[in-house]
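**Student:** Chain by chain, the residues:
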Amino acid sequence: MSSAMIDLILQATLDTLYMVAVSGLISTLVGLPLGVMLYVTRPRQILAKPVLNQVLSIITNVGRSIPFIILMVAIIPFTRMLVGTSIGINAASVPLTIAAIPFVARLVEAALNEISPGLIEAAQAMGATPWQIIRKVLIPEARGGIMTGLTITVVTLVSYSAMAGAVGGGGLGDLGIRYGYNRFNPTIMLITVVILVVMVQGFQSLGDYLVRKSDRK
Amino acid sequence: MIELSNVSKTYFSNNKGSGANAVHALKNATLSVPKGTIHGVIGLSGAGKSTLIRCVNLLERPTSGSVTVDGQEMTQLSNAALNRARHRIGMIFQHFNLLTTRTVFDNVALPLELMGQKRHTVRDRVIPLLEMVGLADKANQYPAQLSGGQKQRVAIARALASKPQVLLCDEATSALDPQTTSSILELLRDINHQLGITILLITHEMEVVKSICHRVSLISDGELVEDAEVGDFFTAPRTQLGREFLNDFLQLTPPKELIERLLDAPGENTHPVVRLTFSGDAVSTPLISRLARECGVDVSILQAKVESIQERTLGLMIAELLGSPTQTQQAMHYLESHQLQVEVLGHVQRND
Numbered sequence: 001m002s003s004a005m006i007d008l009i010l011q012a013t014l015d016t017l018y019m020v021a022v023s024g025l026i027s028t029l030v031g032l033p034l035g036v037m038l039y040v041t042r043p044r045q046i047l048a049k050p051v052l053n054q055v056l057s058i059i060t061n062v063g064r065s066i067p068f069i070i071l072m073v074a075i076i077p078f079t080r081m082l083v084g085t086s087i088g089i090n091a092a093s094v095p096l097t098i099a100a101i102p103f104v105a106r107l108v109e110a111a112l113n114e115i116s117p118g119l120i121e122a123a124q125a126m127g128a129t130p131w132q133i134i135r136k137v138l139i140p141e142a143r144g145g146i147m148t149g150l151t152i153t154v155v156t157l158v159s160y161s162a163m164a165g166a167v168g169g170g171g172l173g174d175l176g177i178r179y180g181y182n183r184f185n186p187t188i189m190l191i192t193v194v195i196l197v198v199m200v201q202g203f204q205s206l207g208d209y210l211v212r213k214s215d216r217k
Numbered sequence: 001m002i003e004l005s006n007v008s009k010t011y012f013s014n015n016k017g018s019g020a021n022a023v024h025a026l027k028n029a030t031l032s033v034p035k036g037t038i039h040g041v042i043g044l045s046g047a048g049k050s051t052l053i054r055c056v057n058l059l060e061r062p063t064s065g066s067v068t069v070d071g072q073e074m075t076q077l078s079n080a081a082l083n084r085a086r087h088r089i090g091m092i093f094q095h096f097n098l099l100t101t102r103t104v105f106d107n108v109a110l111p112l113e114l115m116g117q118k119r120h121t122v123r124d125r126v127i128p129l130l131e132m133v134g135l136a137d138k139a140n141q142y143p144a145q146l147s148g149g150q151k152q153r154v155a156i157a158r159a160l161a162s163k164p165q166v167l168l169c170d171e172a173t174s175a176l177d178p179q180t181t182s183s184i185l186e187l188l189r190d191i192n193h194q195l196g197i198t199i200l201l202i203t204h205e206m207e208v209v210k211s212i213c214h215r216v217s218l219i220s221d222g223e224l225v226e227d228a229e230v231g232d233f234f235t236a237p238r239t240q241l242g243r244e245f246l247n248d249f250l251q252l253t254p255p256k257e258l259i260e261r262l263l264d265a266p267g268e269n270t271h272p273v274v275r276l277t278f279s280g281d282a283v284s285t286p287l288i289s290r291l292a293r294e295c296g297v298d299v300s301i302l303q304a305k306v307e308s309i310q311e312r313t314l315g316l317m318i319a320e321l322l323g324s325p326t327q328t329q330q331a332m333h334y335l336e337s338h339q340l341q342v343e344v345l346g347h348v349q350r351n352d
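First to last, the protein sequences are chains A and B.
full-length UniProt numbering puts the first residue of the first sequence at 1, with every later residue one more than the last.
full-length UniProt numbering puts the first residue of the second sequence at 1, with every later residue one more than the last.
Chain A extracted, bound-state conformation (with noise of 0.2 Å):
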């Protein structure tokens, strides 16, 4: 293999985890209150607010079900304003934010609904605010589980990268199309598969020692 065509891997495999950083980091800092904002405000809970709760879910719910690859051509225009460009890694960072911040509120949400309702109880008799018990209360207890759930948005979002090609946004998946399937050359092909399955491994290691260590059930 040529020089340049290792280069050209390297390349793409930096694009893949930029894209997966940013994407991965701007979907956790949106999506974490947003789930927490899910949870909090349904109907007897410690910030109720149904219709809020209803209008949250919804525009959620839009999100998540919107195809990826439609969402990335369908927010073109946004993605140049907010860029400057509609090509690249920083463009394609923009429709992976958006499509992976309703899956990170989701499962926040789930997490959240896996602790005991009674701690929350606990707290409130405690003369917790509704603010301390999300502090003290809510995101410590639920950290192993968010931590699963932002492993599984990663994982996600490595292979969602793959698609970004469409909107010629580089990485792993658009090199493995462009070489190895347009170019027929299935050298190519399989090193971008190996270096995915790698990288979703060694992600998915990573989640686990880190919900190992924030899980003390």
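Hints are supplied without guarantee of correctness; some may be wrong.
As the list claims (entries may be wrong) - Just a few of them, taken from the derived set where beta-carbon distance is under 10 Å, the chain A residues facing chain B: (1) Ala123; (2) Gly127; (3) Val137; (4) Glu141; (5) Arg183.
Derived by calculation from the structure, the hints in this document are not laboratory data.
Each residue gets a CB set at the ideal place from its N, CA and C atoms; glycine is no exception.
Fit chain B to the supplied structure of chain A, relying on the hints for placement.
**Tutor:** Chain B in isolation, oriented as in the chain A frame:
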């Protein structure tokens, strides 16, 4: 210290609040717990015990009525004032409700953190509490590493961290085995004794009431149907439900083969079978032999038990009174005049 007056709680299964689907969990409950006492509320599951205790610190907001703790009307407080008031009310639960991700130390420290206390103040408060509940050596362990009894001790230390004047116990020993139960009850009694904390507890176990309560209320179908000193309740419950609880606790029921022979009404050749409850002086009086001498009635004892409840002795007996109808009638009057409770369980056919 705790005053509930005409507290009702109604749940509506739909949001419209129409009467059709209303569940009356608590009906006009009135209860007064003086400072420094231990008050028990006993009842079957679903009777409204949980709702009652949750109305004290407003985990459940009463539909109507007033709740006063330490002279403060709880139902009128703003959210912030309610949280401050809750710092003065500790609570422990059946399933402990400890935070799994916090160590024993950090669990006990939580109420102090919530009050915004400084780290060294927290430390000075938590360590003596852990020593008091006998878990100083477990400070850095996690709840998952503890036994049920140890978890409840941590929960007790946590409940006491904010120096409350009132401790609410929600079925605190129901998930524990008998030995652990008695050690937890002993701890609660010590706390009440040493710190003068007023304790309100709910339970379905007579054992709990017997061993630590001063007063007891009986709750049935959302209503407080009986309220008595524990000694009185165990010797002479006023309601049918109270008697059922007592008999169940004492396990003094007639033998099975006797129940099968028991007739509701007296017949030609029948003897009454009675349950006698005697307390106070009656325990030390040789009433049975006097019965034989003075009324000419022989007594065949089928079952007997003596219990000691808070320095009072309670005797129970199931006996057959052998004699003519007039004699046995006279004998029962005689016993009642000596402060015995006589309950006729039925009549049995004479064997001879």
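**Student:** Hint by hint, say whether it matches the structure.
**Tutor:** So, going through the hints one by one against the coordinates:
| no. | hint | result |
| --- | --- | --- |
| 1 | Ala123 | 8 Å, holds |
| 2 | Gly127 | 4 Å, holds |
| 3 | Val137 | 7 Å, holds |
| 4 | Glu141 | 6 Å, holds |
| 5 | Arg183 | 52 Å, violated |
The structure fails hint 5 only (numbered hints given earlier).
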